[in-house]
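Q: Spelled out, the chains give:
Number of protein chains: 2
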Amino acid sequence: MREFINKEEGSIGFVPTMGYLHQGHLALVEKARQENDLVIVSIFVNPTQFGVGEDYEEYPRDLKRDTKLAETGGADAVFAPSVDEIYNPDHGTVVKIEGITENLCASSRPGFFEGICTIVSKLFNIINPDRAYFGQKDAQQVLVVKKLVAELNFAVEIRTIPIVREADGLAVSSRNQYLNDEERESATVLYRALELAEEIINEGERRVEVVKEKISSLIKEETDNIDYIEIVKQNSLKNLSEIKGSVLIALAVYIGQTRLIDNLMLEV
Amino acid sequence: MREFINKEEGSIGFVPTMGYLHQGHLALVEKARQENDLVIVSIFVNPTQFGVGEDYEEYPRDLKRDTKLAETGGADAVFAPSVDEIYNPDHGTVVKIEGITENLCASSRPGFFEGICTIVSKLFNIINPDRAYFGQKDAQQVLVVKKLVAELNFAVEIRTIPIVREADGLAVSSRNQYLNDEERESATVLYRALELAEEIINEGERRVEVVKEKISSLIKEETDNIDYIEIVKQNSLKNLSEIKGSVLIALAVYIGQTRLIDNLMLEV
Chain A
66 MREFINKEEG
76 SIGFVPTMGY
86 LHQGHLALVE
96 KARQENDLVI
106 VSIFVNPTQF
116 GVGEDYEEYP
126 RDLKRDTKLA
136 ETGGADAVFA
146 PSVDEIYNPD
156 HGTVVKIEGI
166 TENLCASSRP
176 GFFEGICTIV
186 SKLFNIINPD
196 RAYFGQKDAQ
206 QVLVVKKLVA
216 ELNFAVEIRT
226 IPIVREADGL
236 AVSSRNQYLN
246 DEERESATVL
256 YRALELAEEI
266 INEGERRVEV
276 VKEKISSLIK
286 EETDNIDYIE
296 IVKQNSLKNL
306 SEIKGSVLIA
316 LAVYIGQTRL
326 IDNLMLEV
Chain B
66 MREFINKEEG
76 SIGFVPTMGY
86 LHQGHLALVE
96 KARQENDLVI
106 VSIFVNPTQF
116 GVGEDYEEYP
126 RDLKRDTKLA
136 ETGGADAVFA
146 PSVDEIYNPD
156 HGTVVKIEGI
166 TENLCASSRP
176 GFFEGICTIV
186 SKLFNIINPD
196 RAYFGQKDAQ
206 QVLVVKKLVA
216 ELNFAVEIRT
226 IPIVREADGL
236 AVSSRNQYLN
246 DEERESATVL
256 YRALELAEEI
266 INEGERRVEV
276 VKEKISSLIK
286 EETDNIDYIE
296 IVKQNSLKNL
306 SEIKGSVLIA
316 LAVYIGQTRL
326 IDNLMLEV
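Just so you know, the protein sequences line up as chains A and B, in that order.
Residue 191 in the working numbering sits at position 126 of the first sequence; the count goes up by one each step and never skips.
Residue 107 in the working numbering sits at position 42 of the second sequence; the count goes up by one each step and never skips.
Warning: the hint list may mix true and false statements.
When chains are identical, the list treats them as one kind, so a pair holds in a single copy or across two.
Stated by the list, open to error - Result set (DSS-like, lysine-lysine): computed pairs, CA atoms no more than 30 angstroms apart in a straight line:
| hint | residue 1 | residue 2 |
| --- | --- | --- |
| 1 | K303 | K211 |
| 2 | K285 | K211 |
| 3 | K309 | K285 |
| 4 | K303 | K72 |
| 5 | K309 | K129 |
| 6 | K211 | K161 |
| 7 | K96 | K72 |
| 8 | K129 | K202 |
| 9 | K202 | K277 |
| 10 | K72 | K277 |
| 11 | K309 | K279 |
| 12 | K133 | K279 |
| 13 | K277 | K129 |
| 14 | K161 | K202 |
| 15 | K285 | K72 |
| 16 | K202 | K96 |
| 17 | K298 | K211 |
Bear in mind the hints are in silico, worked out from the structure with no lab data behind them.
Could you build the full structure based on these sequences and the hints that come with them?
A: Here you go:
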């Protein structure tokens, strides 16, 4: 990868992914293509960001399809290292971030953001990009990576794109393919819940607990297994005493065995 | 710093220091000068590698003198950031390394190598050097930084120089200035102990405990406050069942209030 990069000139746009590319990834590639001379997509299902009992083994993989999609989408190169190449058997370096990894996805996925910070640091050092592209669907990840870049002084600009959705509002995700037909229908409840929250807030509701309660009731029509419903400050993920300013509404919900996330950013 | 570097061309040699430069640092600068187009010395007393009750506040500082020494020694630039510039008030990113930070200096200095890995990662990302220079006196630090570079995929070559010693054998160190005349004389016991160990081993002794015992007896003529005496494998810092192969003998000893370290590498 380094040899390839060293031969090329100009700015590098980097899209790190775990593969099984969908429209969200391709929107990242498209943006990277517009803003850089060289576009590199990495495909690596990173074991260190999966916890015990999570879907590391089952996570969908299709390198041939992904490579074709990345190429058609505008990538100049795909970086798809093996696990052994990235983590040697004695690997013992971990990049840890505190301050914004205490709630939301961090609570139910211990080690998740350590895994992300470690792999992102490694990939940034390998690719040395000018810009790296992340989807706003992983809102906490975007904040974590921005903090990582600022605090470890990476010379990388983090660029984001809005959530890409299916026609019925479901946020696109590699994990959507786990859903059977019935679950696929139920899964629209995440977006419907966010729309409901927006509506209530636009009508004047400012109490966090009231909005959460209404979201919760709606979701419970489809599933009892809610991981979290959070309404927090956009930039710090800290709790709000009232819904005001730059607000992030974030959800994680199990539809059957599949954990799905979604979020909405509001200026109130 | 980045603006300065981006204007220059050619390879970058980087010498990270905590300042109060001595002959050891200048030997690093000299080597960097020989091997690179641009030589950058950083001077930063890194608070995160000092523990509670350690000498962060007292650590000697003299930026004016250091800048002149670095320049005379061959540096093109000195990077001396403030603590606030390096660590913002919300700073929460830590780079942690496991496997070689469980013994030697790590035992008595919890958080020490986390502090080193974090600041080294930050400085590497700011300076983006081709080569970075470290003294073999900090043998464990050299191993830790090499592992860090390998595992976070920094595109930096780690270069080392042998321990620089005073005429009577004392390893040069910024902390030597803490010693009063009597302590300065006692301090030679570290090197004398290493010489004794070498002699015994050359005579055929292969038992770790016997060599440690003899070192210990000699040191106790000067001080009762021994932090550690370790005889371990050079590359892994793991315990040896017998003294054979590439061996590191490492000492940390308090002379008065001052903690001094020294080491010797042997091929047996």
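Q: Within a copy, between copies, both or neither: which one fits K96 and K72 at a CA-CA cutoff of 30 angstroms?
A: both (23 angstroms within a copy, 29 angstroms between copies)
Q: Up to 30 angstroms between alpha-carbons, please classify K285 paired with K72: within, between, both or neither.
A: Answer is neither: 55 angstroms inside a copy and 59 angstroms across each miss the 30 angstroms cutoff.
Q: For the identical chains here, do K202 and K277 meet the 30 angstroms Cα criterion within one copy, between copies, both, or neither?
A: Close inside one copy (19 angstroms), not across copies (58 angstroms); limit 30 angstroms.
Q: At 30 angstroms max between alpha carbons, let me know whether K277 reaches K129 within a copy, between copies, both or neither.
A: neither (42 angstroms within a copy, 59 angstroms between copies)
Q: For K285 and K211, with the copy left unspecified, which applies at a CA distance of at most 30 angstroms: within, between, both, or neither?
A: Neither: 34 angstroms inside a copy, 52 angstroms across copies.
Q: As a check of your reading, is K303 near K211 (CA-CA no more than 30 angstroms) within one copy, between copies, both or neither?
A: within (16 angstroms within a copy, 37 angstroms between copies)
Q: As a check of your reading, is K309 near K279 (CA-CA no more than 30 angstroms) within one copy, between copies, both or neither?
A: This pair counts as within: shortest intra-copy Cα distance 18 angstroms, inter-copy 70 angstroms.
Q: From the Cα coordinates, with 30 angstroms as the cut-off, is the pair K309 and K129 best called within, between, both, or neither?
A: Neither: 47 angstroms inside a chain and 50 angstroms across chains, both beyond 30 angstroms.
Q: At most 30 angstroms between CA atoms: does that hold for K161 and K202 within a copy, between copies, both, or neither?
A: both (22 angstroms within a copy, 29 angstroms between copies)
Q: Regarding K298 and K211, is the shortest C-alpha distance of 30 angstroms or less found within a copy, between copies, in both, or in neither?
A: within (16 angstroms within a copy, 40 angstroms between copies)
Q: Check K211 against K161 for me: Cα-Cα at most 30 angstroms, and say if that holds within a copy, between copies, both or neither.
A: both (13 angstroms within a copy, 19 angstroms between copies)
Q: Between the shortest in-copy and the shortest cross-copy C-alpha distance, which are at most 30 angstroms for K303 and K72: within, between, both, or neither?
A: neither (45 angstroms within a copy, 41 angstroms between copies)
The structure shown violates the earlier hints numbered 2, 4, 5, 10, 12, 13, 15.
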